[in-house]
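Peer 1: For reference, the chains in residue letters:
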Amino acid sequence: MRFLTLVFKNISRRKTRSAFTVLGISIGIATIIALGALMNGMTTSMEGILKSGEADFTIAQSGIADLSFSRIDENVTGEIQNLSGVKKATGVLIGIYPVGNSPYVMIWGVRAEDLQMLGASILNGSAFANESEIMLGEAISKDLGKTVGDKLVLREEEFTITGVFQTGAIYQDRGLAMPLNKLQELEKKEGYVTVIYVELEEEANLDTVCKQIEENFANLVTIKSASELGKVDQGLNIMNAASLAVSILAILIGGIGVTNTMMMSVFERTREIGVLRAVGWKKRRVLIMILGESITLCIFSVLIGSLLGIIGARLLMLEPTIQGILEPMFTLETFTRAFIVAFIVALVGGFYPAYRASKLSPSEALRYE
Amino acid sequence: MEKLIIKTRDLIKTFEGGLIKALNGVSLEIREGQFVAIMGPSGCGKSTLLYILGGLDRPTSGEVTVDNVDLCNAKNLDSYRATKVGMVFQMHNLIPVLTARENVQIPMMELNLSNTERNKKAANLLNLVSLEKRADFVPTKLSGGERQRVAIARALANDPKILLADEPTGNLDSTSGQEVIQAFQRLNKEGRTIVLVTHDKDVAEHADLICHLKDGKIQAEKEQQRSRFARRYSLDRL
Numbered sequence: 008m009r010f011l012t013l014v015f016k017n018i019s020r021r022k023t024r025s026a027f028t029v030l031g032i033s034i035g036i037a038t039i040i041a042l043g044a045l046m047n048g049m050t051t052s053m054e055g056i057l058k059s060g061e062a063d064f065t066i067a068q069s070g071i072a073d074l075s076f077s078r079i080d081e082n083v084t085g086e087i088q089n090l091s092g093v094k095k096a097t098g099v100l101i102g103i104y105p106v107g108n109s110p111y112v113m114i115w116g117v118r119a120e121d122l123q124m125l126g127a128s129i130l131n132g133s134a135f136a137n138e139s140e141i142m143l144g145e146a147i148s149k150d151l152g153k154t155v156g157d158k159l160v161l162r163e164e165e166f167t168i169t170g171v172f173q174t175g176a177i178y179q180d181r182g183l184a185m186p187l188n189k190l191q192e193l194e195k196k197e198g199y200v201t202v203i204y205v206e207l208e209e210e211a212n213l214d215t216v217c218k219q220i221e222e223n224f225a226n227l228v229t230i231k232s233a234s235e236l237g238k239v240d241q242g243l244n245i246m247n248a249a250s251l252a253v254s255i256l257a258i259l260i261g262g263i264g265v266t267n268t269m270m271m272s273v274f275e276r277t278r279e280i281g282v283l284r285a286v287g288w289k290k291r292r293v294l295i296m297i298l299g300e301s302i303t304l305c306i307f308s309v310l311i312g313s314l315l316g317i318i319g320a321r322l323l324m325l326e327p328t329i330q331g332i333l334e335p336m337f338t339l340e341t342f343t344r345a346f347i348v349a350f351i352v353a354l355v356g357g358f359y360p361a362y363r364a365s366k367l368s369p370s371e372a373l374r375y376e
Numbered sequence: 117m118e119k120l121i122i123k124t125r126d127l128i129k130t131f132e133g134g135l136i137k138a139l140n141g142v143s144l145e146i147r148e149g150q151f152v153a154i155m156g157p158s159g160c161g162k163s164t165l166l167y168i169l170g171g172l173d174r175p176t177s178g179e180v181t182v183d184n185v186d187l188c189n190a191k192n193l194d195s196y197r198a199t200k201v202g203m204v205f206q207m208h209n210l211i212p213v214l215t216a217r218e219n220v221q222i223p224m225m226e227l228n229l230s231n232t233e234r235n236k237k238a239a240n241l242l243n244l245v246s247l248e249k250r251a252d253f254v255p256t257k258l259s260g261g262e263r264q265r266v267a268i269a270r271a272l273a274n275d276p277k278i279l280l281a282d283e284p285t286g287n288l289d290s291t292s293g294q295e296v297i298q299a300f301q302r303l304n305k306e307g308r309t310i311v312l313v314t315h316d317k318d319v320a321e322h323a324d325l326i327c328h329l330k331d332g333k334i335q336a337e338k339e340q341q342r343s344r345f346a347r348r349y350s351l352d353r354l
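Protein sequence lines correspond, in order, to chains H and V. Quick note: the first sequence, position 324, residue 331 per the numbering used here, numbers continuous. Quick note: the second sequence, position 152, residue 268 per the numbering used here, numbers continuous.
Any given hint might turn out to be false.
[Claimed, not checked] Straight line, CA to CA, 25 Å or less: simulated PhoX-like cross-link-like pairs of lysine-lysine:
| hint | chain 1 | residue 1 | chain 2 | residue 2 |
| --- | --- | --- | --- | --- |
| 1 | V | Lys123 | V | Lys338 |
| 2 | V | Lys277 | H | Lys289 |
| 3 | V | Lys237 | H | Lys289 |
| 4 | V | Lys277 | V | Lys257 |
| 5 | V | Lys277 | H | Lys16 |
Simulated from the structure, these hints should not be mistaken for lab results. None of the values given here were measured: they were computed from a predicted structure.
Build out the structure end to end from the sequences listed, making use of the hints.
Peer 2: Written out as structure tokens, the structure reads:
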């Protein structure tokens with residue numbers, strides 16, 4: 008018999024109790040996985056907006072809680088364009104409209120000649136040529152069952168679909184593109200854009216240009232990477248904080264659950280632990296056995312919790328209001344985080360009972376009734 | 117004459133800060149290969165003495181040496197318990213989820229043995245207590261006598277010279293008790309020293325030496341004058 012066999016058999020003694028402990032920790036792990044996957048999806052989508060196409064970085068209004076609140080004077084685009092090292096600056100207005108069954112669809116107001124800056128490749132048809140024409144992202148085109156030549160009504164105005172595009176970013180592929188001035192008119196934001204995409208000359212230094220912009224335009228902020236998304240989206244920061252809070256709660260609640268289970272197990276097996284010590288087992292081996300049981304419980308919890316997390320996140324996607332905004336992304340990092348949390352739960356919850364068991368005096372343990 | 121394997125001198129053990137005196141100056145000498153029975157009424161200190169000899173407890177004062185190990189001053193008694201002595205208790209204390217074979221392997225985990233070696237050794241030990249056919253049974257599927265014989269096989273796992281048994285027949289019917297005593301006799305015949313705590317005169321009759329303990333002291337020692345032939349005869353009959 009191997010030592011691990013003993014650990015497994017010990018856990019299987021009280022199957023119901025072990026199962027409920029595993030379930031309790033699994034729910035915490037599932038929350039971490041689902042929340043992590045949704046946050047990854049959100050970050051990737053935001054990245055899709057802010058790092059789209061050929062842009063090296065993006066400019067938005069500083070001090071805003073959400074990107075949709077960003078409001079930049081359209082003339083600033085020209086000033087940015089004139090900065091040294093800047094190859095091209097493109098102002099884009101972003102609006103959110105209900106389309107079909109989806110309450111939140113992003114409308115991209117952009118000049119036809121700047122579509123390339125969004126990274127859009129036209130799959131079918133052509134770019135819009137006038138204010139009554141629009142283009143559909145590939146995904147929304149499929150969802151709506153509309154293609155080139157069809158009509159689409161937005162805010163009681165009818166538009167003709169001239170093309171279907173694809174960028175690879177969820178917000179754009181599930182969105183629409185229309186002429187900038189038309190969206191400005193619909194949004195009543197004439198002369199304003201939401202973001203400015205900037206493409207640099209090959210020899211230009213990204214950090215230098217960004218620094219120059221932030222120094223010259225106090226109300227603007229530059230976003231170079233996903234780690235800077237928090238500058239324009241407090242939602243991500245809130246999600247990050249929520250994820251951390253869930254992890255801490257999972258450790259606390261799971262830890263207490265494991266401690267309770269393992270303490271009961273140690274109490275029930277007091278005489279048995281006495282026998283193990285009587286036949287020569289060292290304190291360390293008793294400690295490892297109890298910790299091993301707690302770690303094994305947590306490994307089961309990670310497996311079940313991961314499965315529950317994936318199912319939970321997928322079920323969430325069935326809700327129409329979420330479709331098109333979020334796509335859960337399950338990364339190795341998310342699962343690693345869940346595993347680390349479970350491991351901490353196992354150590355935190357298992358250590359005290361294991362320590363107590365290892366400290367039992369063999370003679371007292373054998374006399375225990 | 118066989119050499120001394122267990123020697124105690126003025127052994128005192130108190131509990132509750134000296135309020136309870138379990139042993140009150142026990143001096144005892146046991147030779148290698150002897151079968152010793154310790155008898156006495158409840159609470160006279162029999163189990164306490166056995167626990168001290170087994171390295172499960174330390175005396176409050178006095179001297180105790182077992183197989184050249186000074187149990188009063190040894191820093192760590194884990195390896196002593198693992199290799200020098202094997203213990204059998206009144207309750208078999210087998211792990212209920214493990215089979216007889218697996219239970220016997222428990223003490224071997226502290227030794228550097230492969231899984232195959234452990235399995236082989238466990239099979240031999242179960243054979244020694246005539247339980248080879250019950251090796252894959254969990255304790256609930258074994259009779260009381262069989263469980264106690266598994267406990268004996270477990271006590272022998274690391275091949276100790278000395279077997280210490282605390283009322284090993286206390287919870288058994290007479291037939292099962294006989295089976296267990298027979299196993300001890302066989303092991304004694306092979307040269308192992310047996311120290312057995314009992315309050316059963318019939319069980320004690322099988323010993324070479326009977327020590328009567330009362331109020332924490334040895335009141336009397338009785339050497340059993342039994343010929344090797346007589347012992348062998350009684351074994352064969354069993």
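Peer 1: Hints first: check each against the structure and report whether it holds.
Peer 2: Comparing the hints with the structure gives:
no.	hint	verdict
1	V:Lys123 to V:Lys338	17 Å, holds
2	V:Lys277 to H:Lys289	20 Å, holds
3	V:Lys237 to H:Lys289	21 Å, holds
4	V:Lys277 to V:Lys257	30 Å, violated
5	V:Lys277 to H:Lys16	31 Å, violated
In the structure shown, a violation is registered for the earlier hints numbered 4 and 5, in ascending order.
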